[in-house]
Amino acid sequence: MARLMCIMGESGSGKTTSLRTLPPETTCIIDCDKKGLSWRGWRKQYSAEAKNYMQTDECAKVQAALVKIAKSRPEVKVIVVDTIGSLMVADEMRRSKEKGYDKWVDLAVCIWNLIDAACPLRDDLTVVFTAHVQTERDDSGFTFSRIKTSGRKLDKIVLESKFPIVLLAKCMDGEYVFETHANQSTAKTPLGLFDGDTIPNDLNAVISALDKYETEE
Numbered sequence: 540m541a542r543l544m545c546i547m548g549e550s551g552s553g554k555t556t557s558l559r560t561l562p563p564e565t566t567c568i569i570d571c572d573k574k575g576l577s578w579r580g581w582r583k584q585y586s587a588e589a590k591n592y593m594q595t596d597e598c599a600k601v602q603a604a605l606v607k608i609a610k611s612r613p614e615v616k617v618i619v620v621d622t623i624g625s626l627m628v629a630d631e632m633r634r635s636k637e638k639g640y641d642k643w644v645d646l647a648v649c650i651w652n653l654i655d656a657a658c659p660l661r662d663d664l665t666v667v668f669t670a671h672v673q674t675e676r677d678d679s680g681f682t683f684s685r686i687k688t689s690g691r692k693l694d695k696i697v698l699e700s701k702f703p704i705v706l707l708a709k710c711m712d713g714e715y716v717f718e719t720h721a722n723q724s725t726a727k728t729p730l731g732l733f734d735g736d737t738i739p740n741d742l743n744a745v746i747s748a749l750d751k752y753e754t755e756e
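Counting the sequence shown from 1 gives a position; my numbering is that position plus 539.
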């Protein structure tokens, strides 16, 4: 069973930038935003020619790529899908002229199946999904952030339930960090994985900490 995690955050909060520390030789990035990566020199690290980077906003193609990489690329240890929000919006735009409830059910099924398909992939694989957040405010001023979804069906499903790790990317006092525990959000990590409420914006360090956590008794 593959390890799944989600990094959620507002646009510009450091979700994609956190990928900069991953080793390109063992990482594949599926760029659903089709915007490229966000650090200097990324084109020398990731490309279609290097077989570690692809662009698509079609859910079926992303799912097929996950399965293919898992089966035929044993050297790949991390696959990143950046972002599931773009998959949802692209599907919604392609079907913008369709009316009725069915298209929202289809969208929910597509996203659910994609995440579900990543679960049974090989044990030594980590699949990282990035997502935008939706922050809601009630009449008393209380705010709560969660994964942003398209359609009420996905709201009811609660995508966070599919991930044992959900990190909230934030910029605090000019420093980009991950929030590790629920603090008016759906952020969560396994008990004892991290001591602090925030950690550096470094995805490779997160995976290394998880490796150590899972091997210790």
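What the hints contain is simulated information worked out from the structure, not anything from laboratory work. One should not assume that every hint holds.
[To be verified] FRET-style restraints, in silico, Cβ to Cβ:
#	residue 1	residue 2	range
1	743	573	20 to 30 Å
2	747	577	13 to 23 Å
3	712	752	21 to 31 Å
4	588	750	35 to 45 Å
5	697	607	43 to 53 Å
6	603	735	20 to 30 Å
7	574	599	39 to 49 Å
8	599	697	34 to 44 Å
9	655	611	14 to 24 Å
10	678	722	12 to 22 Å
11	662	744	14 to 24 Å
[To be verified] Result set (DSS-like, lysine-lysine): computed pairs, CA atoms no more than 27 Å apart in a straight line:
#	residue 1	residue 2
12	727	751
13	574	590
14	751	687
Please read these numbers as outputs of a predicted model, since none were measured by experiment. Every residue gets a Cβ at the ideal spot worked out from N, C-alpha and C, and that includes glycine.
Against the structure, the hints come out as follows:
One distance hint, 20 to 30 Å for the beta-carbon pair residue 743 and residue 573, holds here, with the actual separation near 24 Å. The hinted range of 13 to 23 Å is satisfied by residue 747 and residue 577, whose Cβ atoms lie roughly 22 Å apart. The hint said 21 to 31 Å for the Cβ distance between residue 712 and residue 752, and at roughly 28 Å that hint holds. Separated by about 29 Å at the C-beta atoms, residue 588 and residue 750 break the suggested range of 35 to 45 Å.
A C-beta distance of roughly 29 Å is found between residue 697 and residue 607, which places it outside the suggested range of 43 to 53 Å. Take residue 603 and residue 735: their Cβ atoms lie about 39 Å apart, and the range 20 to 30 Å is violated. Taken as a hint, the range 39 to 49 Å is violated for the pair residue 574 and residue 599, whose Cβ atoms sit roughly 21 Å apart. Taking the beta carbon of each, residue 599 and residue 697 are about 23 Å apart, not inside 34 to 44 Å as hinted.
The hinted window of 14 to 24 Å between residue 655 and residue 611 holds, with their beta carbons roughly 21 Å apart. For residue 678 and residue 722, the Cβ-Cβ distance of about 21 Å falls inside the hinted range of 12 to 22 Å, so the restraint holds. For residue 662 paired with residue 744, a C-beta distance near 21 Å keeps the hint of 14 to 24 Å intact. Restraint check for residue 727 and residue 751: the C-alpha separation of about 18 Å stays at or below 27 Å, so the hint holds.
With a C-alpha separation of about 18 Å, the suggested pair residue 574 and residue 590 falls inside the 27 Å cut-off, and the hint holds. Annotation: proposed proximity of residue 751 to residue 687 is violated, straight-line Cα distance about 31 Å (limit 27 Å).
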